[in-house]
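*Asks:* Sequence:
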Amino acid sequence: MSKPHTVSVRILDKDYQVASPEDQQAELILSARYLDQKMRAIRDSGKVIGIERIAVMAALNISYELLRATEQLKAGELGGSAADNVEHLSQKIEDALQHLRQLEIG
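With the first letter of the sequence shown counted as 1, position 33 gets the number 33 in the working numbering; the numbers rise by one all the way through.
Keep in mind that the hints were calculated from the coordinates and are not lab data. Think of the CB as a built atom: it goes at the ideal place given N, C-alpha and C, for glycine as much as any other residue. Incorrect hints may appear among the rest.
Here are the simulated distance ranges between beta carbons [as the list claims (entries may be wrong)]:
#1 Arg-101 x Arg-40: 19 to 29 angstroms
#2 Asp-13 x Ser-63: 21 to 31 angstroms
#3 Val-56 x His-88: 34 to 44 angstroms
Turn these sequences into a full structure, and let the hints guide you.
*Replies:* This is the structure in structure tokens:
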């Protein structure tokens, strides 16, 4: 396992410093971009107000995506890279939860 480094990610126009092993930084950045896209879509819909609620809704949506992908994998509906997709979605959920924790602290 490589030594953690600090990575700067931007979510909803706010910068966050996140510790990440060097070999996982690219995935962290992709996950942050994905989370940012989800949160922007929720914010832009105008139906949810407040950064915390937007973050919770994004986490729920990403969790749903993970559960659906897991169900499809178990049912054999996904191709050979399905395990990678599930792992990637799992990481996105972890990142979203970490983001929520950071919002609670800050």
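*Asks:* Give a verdict on every hint.
*Replies:* Against the structure, the hints come out as follows:
1. Taking 19 to 29 angstroms as the suggested C-beta distance range, the pair Arg-101 and Arg-40 conforms, at roughly 20 angstroms.
2. The beta-carbon spacing between Asp-13 and Ser-63, approximately 24 angstroms, falls within the hinted interval of 21 to 31 angstroms.
3. A hinted range of 34 to 44 angstroms is violated for the C-beta pair Val-56 and His-88, which are about 21 angstroms apart.
Hint 3 from the earlier list is the only one contradicted by this structure; the remaining hints agree with it.
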